[in-house]
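Trainee: Given the sequences, and given the hints that come with them, work out the whole structure.
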Amino acid sequence: MSPLAFDIAHMFAGALVLVSFMMLYQDRLLPLINVLSLHSLLLALSVAWQAHIQEKPDLYVTAMITLGFKSIIIPMALRRMVVRMGLHREIEVAVGTGLTMLLGIGLVALSMDLMLRVTAAASALVREDVALSLSVVLLGLLIMVTRRNAVSQVIGFMSIENGLILAGTGARGMPLIVEISIAFSILIAFIVIGIFLFRIRERFDTVDLQALDQFRGERR
Amino acid sequence: MSMPTFNPIIALLLTSLVAAAALAFVRDYRWSARLNILASFVVLLFALLLFHSRPPVNDLLLADDLNVVFIALNAFVGLTTSIFSASYIGHELETGRLTPGYLRFYHVMFQLMMFGMDLALTANNIGLIWVAIELATLSTIMMVGIYRTHEALEAAWKYFILGSVGIALALFGTILVYLAAVSTIGEGMGAMAWTNLLQHAAMLDPSLLNIAFVFLLLGYGTKVGLAPMHAWLPDAHAEGPTPVSAVLSGLLLNVALYALLRFKMIVAANPDTIDVGPLMITLGLGSLIFAAFMLYRRRDIKRMFAYSSIEHMGIITFAFGMGGPLGNFAGLLQMTMHSLTKSAIFFSVGHVAQVKGTQKIADIRGLTSSHPLLGWTLVAGVVAISGLPPFGVFMSEFLVLTSAFARAPALAVLAAFGLLLAFGALFLRLASIAFGEPTGAAATVRASYWPIFAHLSFVLIAGFYMPGAMTAWFQNVASLLK
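For the protein sequence lines, the chains are A and B, in the order given.
Letter 160 of the first sequence, counting from 1, is numbered 160 in the numbering used here, and no numbers are missing.
Letter 180 of the second sequence, counting from 1, is numbered 180 in the numbering used here, and no numbers are missing.
Quick caveat, the hints were computed from the structure, so don't treat them as lab data.
Hints are not guaranteed to be accurate.
Here are some chain A residues the structure puts well away from chain B; computed CB gaps all over 12 Å [claimed, not checked]:
1. 30
2. 34
3. 48
4. 64
5. 73
6. 77
7. 80
8. 96
9. 134
Okay, the calculated beta carbon distance ranges per label pair [as the list claims (entries may be wrong)]:
10. 203/B - 8/A: 27 to 37 Å
11. 64/A - 231/B: 30 to 40 Å
12. 25/B - 196/A: 24 to 34 Å
13. 271/B - 189/A: 42 to 52 Å
14. 76/A - 30/B: 19 to 29 Å
15. 480/B - 106/A: 57 to 67 Å
16. 54/B - 31/A: 54 to 64 Å
17. 31/A - 480/B: 34 to 44 Å
Everything numeric in this text was worked out from a predicted model, so none of it was measured.
Glycine included, C-beta positions come from ideal geometry on N, C-alpha and C.
Mentor: Structure (structure tokens):
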């Protein structure tokens, strides 16, 4: 593999980690959704690049799904939902930004140290890819833990999933990766529809029952 | 031209799929309930056929000594649950908690869930196992939220989010296993086939396998309901329809644990990996003791038995973590006994909650005098699940403890402490539910008793007598598990 091919793949994966950090400090929902869109766009580019250098045309399907579904359709749906539910003016009080960023840096250091150590036998591209994708996964988990709003939790989950797809495409010739990305897209579509139908605003605790009854066309 | 050879696994999987598709078009709930029973019965027949003839292993599906009994158990509990469900849902329609449209949806989801679980059990591909467990989880989430009350939606949402995080971690672990295998086995499907992985286990990268197992343990452990990833489990059991609680406890937890066991076999077959036993022992003991304490503060009867499931999953994980022929034997036996007993308990709890119109423990009293048959079957179930003789759970828990005492007495004392705690909590509650002045509605119950009797008599017989063939099978599998 040419050094340039490696450098470009590495750049995309590194950029994903950077964008994950951008998610950590967004305390308003609409900018957070924009960052998610950027995150998915970078993943699509990265997957397309992997398809090119590994000569695996089926990975282009994954890239297209990522671009169309996760970078355009879902963010649009989320944006409309946030505006409709009147959440766009709210500021989400997360754990302090400084502390979250420090935790994030710690997690990235942890995953680098861990993954580079255990993948000593694999090729440089695979090692870097897996280490960076674990960082993305852990940062996504951190987003899910520090947020209360259902929409930002979904965004955290989607960034975890982006990290997994990055790992899957980086692992040489992993089969089923296209199927898995489709399965994940269905899962996310379900979550988003669920939030929309049931107006789930916050993590587990508030469901607006009145809205629900209206939706069912009956009132108790 | 040769006929394509008949493959019981494919027939079994297709039956559930076709039934799910057909059930979407049946309007009358009586017919759909009957069709549901029929499909489950056919699945059981195909599952039993696997004992007789096993199809050749390919890269996607396999039937071996480890999974045939789980497939049969799955099919059996699926059948009894479909029979229980037929009598349960009639009542739900009458009280208006479910509408015919939702009922149709429920039946489709039930068969889809059975398909997902059977696919996970028969899959020979670590990616396919993952997809199948995701499918089974998604369909149970749908069923948990089906009452669409505030609590049911909350439970479904919680299950959804925690389950998704679990599934994400499990996928990362799966990718790492593939990475560990790809340099030895080569790219492509072959490096995801479980039989290939086991065969080449000694040559796989040990450090990658170690870290992969940690992710798999956390990911699938969420589905098993191990503490501290258990938070979805009590809600999902309490708020969904009772047949779903029965299959969740009886089957889905087992399927997730089965997936973990498959991976444990690969890790154990590699001499340079860490011993994963202590990890499983820690999670298992933690869940056991935590759940035993939590049992004391429960006010909802289904929630209480959900915590009892966490407790039992803890014991089973502990047993497999101790390992060795006796520990694995005890774990397998406990898995079977727990799934039969717990689903029987949920069957009777379902009828109790329907006849009393509540799930609150405080409002259910004197069941043995108001509804003798139902009351006494519940008593028998609780006696069995708390590990008293003469039931089979006693045998398996006794084996777990003796095998643990022989190897690590301190851990065995902890496990025994947890079991005693849980025993105390269950009996404390049972005394008020089953005996004393009856309260609440005394309407007669239209229950289908034979699923409960079938399960409990199996458990009872296992307490007295294990057929030689069965013991031999358990021993054989236990030695495979290392």
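Trainee: Against each hint, give a clear statement of whether it holds in the structure.
Mentor: Tested hints:
In this structure residue 30/A is separated from chain B by more than 12 Å, as the shortest Cβ-Cβ distance comes to about 22 Å. Once the 12 Å rule is applied to beta carbons, residue 34/A is consistent with being away from chain B; the minimum gap is 23 Å. For residue 48/A, the condition that its CB be more than 12 Å from all CB atoms of chain B holds, with the nearest at approximately 19 Å. For residue 64/A, the shortest C-beta to C-beta distance to chain B comes to about 21 Å, beyond the 12 Å cut-off, and the non-interface label holds.
For residue 73/A, the non-interface assignment is confirmed: its Cβ lies about 19 Å from the closest Cβ of chain B, beyond the 12 Å cut-off. Distance check on residue 77/A: its Cβ is at least 17 Å (rounded) from any Cβ of chain B, clearing the 12 Å threshold; non-interface status holds. No Cβ of chain B comes within 12 Å of the Cβ of residue 80/A; the nearest lies about 21 Å off, and the non-interface call holds. Separation of residue 96/A from chain B is adequate, the least Cβ-Cβ distance of about 23 Å exceeding the 12 Å criterion.
For residue 134/A, the condition that its CB be more than 12 Å from all CB atoms of chain B is violated, with the nearest at approximately 7 Å. Hint check: residue 203/B to residue 8/A, Cβ distance near 33 Å, so the stated range 27 to 37 Å holds. Checked against the hint of 30 to 40 Å, the pair residue 64/A and residue 231/B passes, with Cβ atoms roughly 37 Å apart. Hint check: residue 25/B to residue 196/A, Cβ distance near 28 Å, so the stated range 24 to 34 Å holds.
Residue 271/B and residue 189/A have their C-beta atoms about 45 Å apart, which keeps the hinted 42 to 52 Å range intact. For residue 76/A and residue 30/B, the Cβ-Cβ distance of about 44 Å falls outside the hinted range of 19 to 29 Å, so the restraint is violated. Range check, residue 480/B to residue 106/A: Cβ separation about 41 Å, and the 57 to 67 Å hint is violated. Our hint of 54 to 64 Å for residue 54/B and residue 31/A holds, since their Cβ atoms are close to 57 Å apart.
Take residue 31/A and residue 480/B: their Cβ atoms lie about 54 Å apart, and the range 34 to 44 Å is violated.
The structure fails hints 9, 14, 15, 17 (numbered hints given earlier, in ascending order).
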